Each structure stands twice: as C-alpha cells, then as structure tokens.
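Protein chains in written order, with the working numbering: chain L, 21 to 120; chain H, 21 to 120; chain S, 21 to 120.
Since the hints were derived computationally from the structure, they do not count as laboratory data. Accuracy of the hints is not assured; some may be wrong.
Just so you know, same-sequence chains aren't split out, so a pair can sit in one copy or run between any two.
[As the list claims (entries may be wrong)] List of simulated lysine to any residue pairs, SDA-like, C-alpha gap at most 20 Å:
#1 K118 to F36
#2 K118 to E34
#3 K46 to A22
#4 K118 to V108
#5 K118 to H93
Note that this is a predicted model, so its numbers are computed, not measured.
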Amino acid sequence: MALVARKLVTIIAEGFLEERLVREIKRLGAKGYTITEARGEGSRGVRASEWEGGNIRLETIVSPEVAEKILAHLAEIYFPNYAVIAYVETVEVVRGDKYT
Amino acid sequence: MALVARKLVTIIAEGFLEERLVREIKRLGAKGYTITEARGEGSRGVRASEWEGGNIRLETIVSPEVAEKILAHLAEIYFPNYAVIAYVETVEVVRGDKYT
Amino acid sequence: MALVARKLVTIIAEGFLEERLVREIKRLGAKGYTITEARGEGSRGVRASEWEGGNIRLETIVSPEVAEKILAHLAEIYFPNYAVIAYVETVEVVRGDKYT
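Bound-form chain L, shown alone:
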C-alpha cells in the first residue's frame, strides 16, 4: 500500500482561541483538523485549569508548505502574546489527496 508523507502540526492553546485558530489554519491551507480537550502547564508556569475553558490540543495534517505557513503565523501572532505550543512531525498517510 502506497503511503505518502505529510506534516502533522499539533498546537496546544488556550480554549478561547479555538474558533480563531481554526479559521486561520483553514485560511492558510488546512483541509481538516482534530481537537481534543487538554490541560497542562507551560514554561510560563501557568496551569490551564486557571483559564476558563482549559486548553485545546489541535492537530492538522498538511503539506510541508502549509505547515511552514502555520508555524510562521503562530510564531508571529501568537507566541509573543499567548501560551501557545506548536510542534511538527512527519507522518505517513494512505491518501495524500485528502490533505493539502
């Protein structure tokens, strides 16, 4: 079975950012996303449980180009102002055409 490499971008953010983040990653090229509710503590020492609504863990599978755009956007707009974490991995998927 032919597997195709794509980038999995995972974003951990405060819950109130969900709608905005979803709109922005779609604008940057993401065709889909998965969200799970999360909590935790970041390098700033802030526990998510202290924020209303907790954290979200947002995943999206995209092309390397779209992953780069999403990370650059997060680095510019979010990292200076919000306790946002983002990381990228290479994953293999069966049907690459479902993604960007």
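Dock chains H and S against the given chain L, drawing on the hints supplied.
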C-alpha cells in the same frame, strides 16, 4: 537504555465506530490501544459535533507488519464509506515485547 | 523559519498517577506538559474504564537528555508495577528555548 522502534497508528473516526474498530485492530494484531474523545472537521466538511457521540482518536503501537495490515484494512473498508483519518509514525519504546 | 529538534515523550498511565508523574518529570527537567483524558486497554488486558478516574495521556517536549532520564525513570519505577506506556518521537519546534 535500549529503545526499540515501533509504529504508532492514529485513527480519527466517528464515535459509533469505536467498538468495531477496537475489535478489528485487535484481530489484526494490536495488543492495546488508547482512546481520547475528539472533535473536528475533515476534508468532507463535516463537523464531528454534528454526529451523535463526536469523534474518537484511537492510538495503537504495533509492529510495522501490523501497522500495514491496519492501514490496508481501513483503506479497504472505512475510507470509502466513513470520514476516517489514519496516519502512521515511527516511535521509540522501552520494551518492545509489550507490543506486537 | 528556523526549526529545532526536540523529543516528544508521551506517557499513558492510570489517572491516579497524574500528580506524582507531573512532579517527577518536572524534577527530571520538563518545563511543561499537556494532559488529555484517555481510556483504553493494554497488553495486560485491563481496560482503563475499570480503574477509577480512567487514564491520562501526558505529553512533554524535552531535550534528548531529559527524555532519556524520564524513560529510564519510568522503566525503573513504573513499568514493573503499573500499566504505563511511554514512547518517544522527534518533533520540530519553533523556539527551542521554551523547552529543556
């Protein structure tokens, strides 16, 4: 400490498929799995919140052979009919014998 | 944009271990962590739903050295006594200084 490479298969699917998917991945060789509740939107534009029960995010750590079988099974049975996403990564585990 | 490689350590454990695990990974060098509620079944055939409080899925992004310490600690203290799963992957992050 000796680390062993295994495959982490992640499946995002509608919640009502959980019991069936768990039974099938075990039949194909998975010894364990982890499920988190999820929601999201796929390339078909369907939000999980519109489905009763939301989505699940199912993870299982298996051998490359079992990962291949699981993906082939999903591609044959699920991808044509359901909004299922699946991706594979290589991970390192401490004790390989806990997995297939 | 410059990306930096770090290790993503994921630990699946019984929920009652959360506070202790968080304290220990921080002592070993983790600066932050993310937790999602999980359930599942391991190689011992025990379903998480049979445990009070279910499972947790704990993620932390650390240096290779800290990842090694965390895995060695888990292997020594937890694996013989608890149904704990742990795996490591290499991920790319934007700002390496947020992590160890």
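Hints, one by one, checked against the model:
In this assembly of identical chains, the alpha carbons of K118 and F36 never lie at most 20 Å apart, being 28 Å within a copy and 22 Å across copies at closest. In the homo-oligomer, the alpha carbons of K118 and E34 lie at most 20 Å apart only across protomers (17 Å), although the nearest pairing inside one protomer, at 28 Å, exceeds that limit. Proximity of K46 to A22 under the C-alpha cut-off of 20 Å is found in neither arrangement, the shortest distances being 27 Å within a copy and 23 Å between copies. In this assembly of identical chains, K118 and V108 lie within 20 Å of each other by CA distance both inside one copy and across copies; the values are 19 Å within and 15 Å between.
Proximity of K118 and H93 under a CA criterion of 20 Å is satisfied inter-copy only: 18 Å between copies versus 23 Å inside one chain copy.
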